[in-house]
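Undergrad: So you can see what is in the structure, the chains are spelled out below.
Protein chains: 2
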Amino acid sequence: MEKEHSIALEIFKDISFSKKEIAFIDSKFSKIHLKKGDILLIPGAYVKNQYYVFSGCLRSYFINAQGKDHTTQFAVNDWWISDYTAFFSGEKSVMNIECLQDAVIYQFSRENMNQLCEKMPKVEIFFRKKMERAFAGFQKRILEYLSQPAKERYLKFISTYPVISKSIRNYHIASYLGITTESLSRIRKSIH
Amino acid sequence: MEKEHSIALEIFKDISFSKKEIAFIDSKFSKIHLKKGDILLIPGAYVKNQYYVFSGCLRSYFINAQGKDHTTQFAVNDWWISDYTAFFSGEKSVMNIECLQDAVIYQFSRENMNQLCEKMPKVEIFFRKKMERAFAGFQKRILEYLSQPAKERYLKFISTYPVISKSIRNYHIASYLGITTESLSRIRKSIH
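Line by line, the protein sequences give chains B and H.
FYI, in numbering that gives the first Met the number 0 the residues of the first sequence are 0 to 191.
FYI, in numbering that gives the first Met the number 0 the residues of the second sequence are 0 to 191.
What you were told as hints is all true, and nothing was included just to trick you.
Pairwise CB distance ranges, derived in the manner of DEER restraints:
(1) Lys118/H x Ser17/B: 18 to 26 Å
(2) Lys155/B x Lys118/H: 35 to 43 Å
(3) Lys47/H x Lys155/B: 24 to 32 Å
(4) Asp68/B x Ser158/H: 24 to 32 Å
(5) Ile190/H x Gly36/B: 40 to 48 Å
Think of the hints as simulated: they come from the structure by calculation, not from any bench.
Ideal Cβ positions, reconstructed from N, Cα and C, are used throughout, including at glycine.
The whole structure should be built from the sequences, with the hints applied where relevant.
TA: Rendered as structure tokens:
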């Protein structure tokens, strides 16, 4: 019988693999079930893993010295999440990751990632391009934060992430946009 | 006679290449001499190139809708610079790049980068790891901006980039730290 739920085929959609390669890749990912409210990462930990989100919704956030909560990322189907600064640099985490909606995720360690990349140049290319997009996307978001009014950024957020924006709390959206929940309410009233 | 100034050996220090590979890589980079004040990139351009800085100092910056200048990056020897959001996404540039000190840089196009990566997996790995470090570094800087007072960030900046901080104008340092030049002066007075 064919493998019905190969994570290799799910993640690396556009790459062709042999059956042997698929089995090898699948063996490098571990499936995890999370419940809403589960905590995946706290500050001060060594971060050996990144996570591919198959279903559900996760959030990474950072609490600054003044106690303010900054959402760095939401992740739904086909997104990856981790404290990437810690994951790539080997330093301890400064971020939290929590589950906002029951989720199925796949854990993928740094070591397994390196093994896979060394063995399969096509996977290496996939991760290089993914990093390029992640870097470009993150930088773009910062520049938008520096240049656009909150209302514009809110409208962009709900049109870019319709699924996320409908299913999470106002508090999380405000924290992602870098505004207070009061400002978010005002923006919403001004639209409707 | 041996090639004395192979840019391949300069950039990819830790990788071993054959002579043929070195010649191939060198042919993919074009040397450019810049004078202080030269402009390398303006907003609204398609960005086909990234640049490796051999000597001198460059700055990339972004001017927001309110006319405020945000320095995204300085680049001195062994750094890379571009409007990476535009370079990777294919969108038009939003950043400026200017030369702060006479510089020798090497232009490297997206096309040549892809060719080199396809041909040489070891170069692909180099660029993946470089992207990981760039992403981690950039995210770290944003989180520090959100969490640390300006004085702390200034002290970190001058200890991390002693060469840069001594040779550029206050205005540029303030723009990098996201503060006014007046605040920078106050911080400096409070230290000395």
